[in-house]
Amino acid sequence: MQAENFLVAAVLAGLTIAVPPRAVSQGSTPAATTPAPATPAPAAQVAPGTGGRRFGGFVPGQHRPPGDPVQIAHGKALFAVNCVSCHGVDLRGGDLGGPNLLRSHVSLSDQNGELILPIIQGSRQDEGMPAIPIDPQDGLAVAAYIRSVVETIGSQGRPPSLGKEAPSILVGDASTGQAYFTAKCGSCHSATGDLQGIAARITDPKILQTNWVAGGGRRRRMPAPGAASPRTATVSVTLASGEKVEGRLIRIDDFLVTVGLADGAVRTFRRDEDVPKVEVHDPMKAHRDLMAVYTDKDIHDVTAYLVTLK
Amino acid sequence: MTIGKMLLAALCMLSPALLTGQSGRGVDPADLRKPLKDSWPTYSGDYTGKRYSALDQINQSTVKHLTLAWMTQVTPGNRQGSRGFGRPPIIVGGEGPGDINVGGGTIKASALEVDGVLYFTMPDNAWAVDARDGSELWHYFWKTKGGTHIGNRGLGMWHQTLFMETPDDYLVALDAQTGKERWHKGIADLSQGYFSTPAPVVVGNHVLVGTGDDIDAPGFVQSFDPETGDVQWKFFTVPMKKGDPGMDSWGSVDAARHGGGQAWVPGVYDPETNLYIFSTGNPTPAFTTGTRGTGDNLFTCAVVAVNVDTGKMAWYYSTSPHDMHDYDSAQTPVLVDAMFNGKMRKLLLTAARNGYYFTLDRVTGEHLVSTKYGVYTNWAKGLNEKGAPIYDPEKNATVAGSLVSPTSDGTTNWEPASYSPDTGLLYVAQHNDYSIFYLLDVDPRGSMGLGGKEEAQVGSGGSFLTAIDYTNGKIAWERPYYGDGGGGGLLTTAGKLLFAGDGAGNLVAHDVANGKPLWHTRIGDVSNAPQTFMLDGHQYLIAATGDTLWSFLLY
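Note that the protein sequences, when read in sequence, are chains A and B. Just so it is clear: in the first sequence, position 263 is 263 by my numbering, and no numbers are missing. Remember, my numbering sits 1000 above the position in the second sequence when you count from 1.
A couple of the hints might just be wrong.
Quick list of in silico lysine-lysine cross-link-like pairs, DSS-like style, CA-CA up to 27 Å [as the list claims (entries may be wrong)]:
#1 B:1064 x A:277
#2 A:285 x B:1064
#3 B:1064 x B:1516
#4 A:184 x B:1381
To give an idea of the chain A side of the interface with chain B (calculated C-beta under 7 Å), a few residues [to be verified]:
#5 103
#6 199
#7 292
Since the hints were derived computationally from the structure, they do not count as laboratory data. Remember, it's a predicted structure, so these values are computed and weren't measured experimentally. Glycine residues also receive a C-beta, built at the ideal position from the N, C-alpha and C atoms.
Construct all of the structure, not just a fragment, from the sequences and the given hints.
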């Protein structure tokens, strides 16, 4: 898919499940992260059959005329009797191998049954779709029902029903995870110190896992001017005069560096290659460096251990 | 000054269109075969995709004298009231109701520079501005019926006709002098989720048009007649029926017909072989195999060459067989004639979104080189016999989560790379972010579209301006970015300069030899690839930040 879609689609849909834009990288500030929600976001912001213009569906802004609720309900009943065994309760394909109707070009393009009805009546028998012996009005009702479900497809084609609920993410071994934690994380973190009760504070294991891998959650308070949190990058700037300025790193690029001083003042310095000398100390660097080291099993084991810290 | 001259001057002030644009002859298709120099008549500047300009007035010595010539902020939509004095009326087209506003107000397009006029776009909007002073000559607004308004890569031009694709899947032909519509034709069915973003590429009497879609729909490229808008041919990027090439790489005909492979960035053209060469997006459903089968899912995530006159495929090369992370291979390839193993070869270079770099023979599609250029790229377990990465099933989205670099945004994305014949290096922005991919949809039928997973970005191993040696795929040098650098794409010039945004609010001129910054200006985050052209004997440099186009000049 096209890159920037994530954000656009998420904003349009009013969803919480979004990947943030690329984190600020290169050793300056901690990477941004969005904790995962505990449950899948709603597929779309409309109820079947309501029609109208949608900003969160898979065709943002498109106007679809509202369906007739009575006709849709009738079509749903007929679908259950005649279609479910091949096309599935959720229209994504059934036990007898019928195709997914929610990504079918016919269902997507159908306006008033003009594409669906002929197929119900037998125009695709040579492709294995039998003629269904129902009268045309009933066939149009089935088409209306299919369209009403198509309306609920989520952004970027996400199915309205996500199928079976995903099993727990907890597959790791807690004691192996504890050993790993002690060896790799123990120099900065402690189960009886900063992480005491972490699983009570973050009760969803998935959010807990995402947060610890990222090195922190979303609700990161902005430190007060001059104050530094344990995650704050600091910088020391040594001027040509020998003066050394130290403080919170506010921003840095090839040309400027901006330092927040302990008294709340902010100073920006011009950079000309190595002058002045700039040293960044980023406490989150260790977290980022570990990402190239962890196996997924390490991550799952540590998560299994951390969920025991209630 | 005579009274006549005064009158003329007054007229010109009132209506810049009278002064410019009228005398131009537009773009003769033969012009597009010339290497990029004075003007910028097609998306990549020329057909090669190198984005290397032969201009050298701005060079390593003079670049420090670059001065702001003008900046122009444009207002998308049909908001006549707030537009101020002196702007021309908005020309309105489109079949939508006129009140759908779904965003997209950023210039990601490459502008065309022809006869002293710049033509550029946002989704639903096209502008002509005077390249000498940035004043607006006309603004065309398309009333949309909806669709994903993620971006628009710009215009194609054939003589005095411009071509624009719209998010609701129309190809619109505009008169370059007036901005008035000549015709519009449907590209695809909006109801099937298609949305169209590429800049059309004109080759001879063909207007080559791709489109996009995120649900399970087949990708295709179409060729339109520039005068009538009739479809000349349509090439599907996935097999559509039994017996079509590539069908044995899919689990079923139904899976192939819903297999994706959208051609959503402009391609390049090789006049000697008459091949239009473009690249395709992810297979669908993107994050689950489902009914896709175990094969390569051709011709998704591939470089594909088709004959421009017939629309028949000459060759393909799969850069991400059976992709599982939405790593569209949708990068504009780069065509280079250069030495390879002691022989002059007709080459194609591409640094793919999946973190792998490839050198191919562009006549045959023969694979020559592949390397991993994303330093933390971890989703593959080696290369197959054709040199393409083999996906590691352990790194697919899993219920318990799998830590993968790059993210689905890729090591690079649509932002065009650049190649300098002076150095023999391909330049690309390299991003090494990590995501945890959680599988939500465990249904054995597979999910749909880009659904069924949750992607949580958890950090970055850094971004780099990266120079790749095409002869061996090795990184010649890389320079760390403080921000998300190279965001809009890159430009190299015969002035031995490489221009790009640095993602930290600067437009930067780098030394092509080592990446050292030689000039910068703090205009904000650059949203398209910098471009250059020559006017009145002076070289201009332009770049966009959001809704603003900036023009720099050596006076």
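Structure-based check of all given hints:
1. Distance hint between residue 1064 of chain B and residue 277 of chain A is fulfilled; the C-alpha atoms sit about 24 Å from each other, no more than 27 Å.
2. This hinted pair does not check out: residue 285 of chain A and residue 1064 of chain B have alpha carbons roughly 35 Å apart, beyond 27 Å.
3. Between the alpha carbons of residue 1064 of chain B and residue 1516 of chain B the distance comes to roughly 14 Å, so the proposed pair stays at or under 27 Å and holds.
4. Restraint check for residue 184 of chain A and residue 1381 of chain B: the C-alpha separation of about 26 Å stays at or below 27 Å, so the hint holds.
5. The interface hint given for residue 103 of chain A holds, since its Cβ lies 4 Å from the closest Cβ of chain B, which is under the 7 Å cut-off.
6. With 7 Å as the threshold, the beta carbon of residue 199 of chain A stays out of range of chain B, its nearest partner Cβ sitting at about 16 Å, so the hint is violated.
7. Because the beta carbon of residue 292 of chain A sits about 5 Å from the nearest beta carbon in chain B, less than 7 Å, this interface hint is met.
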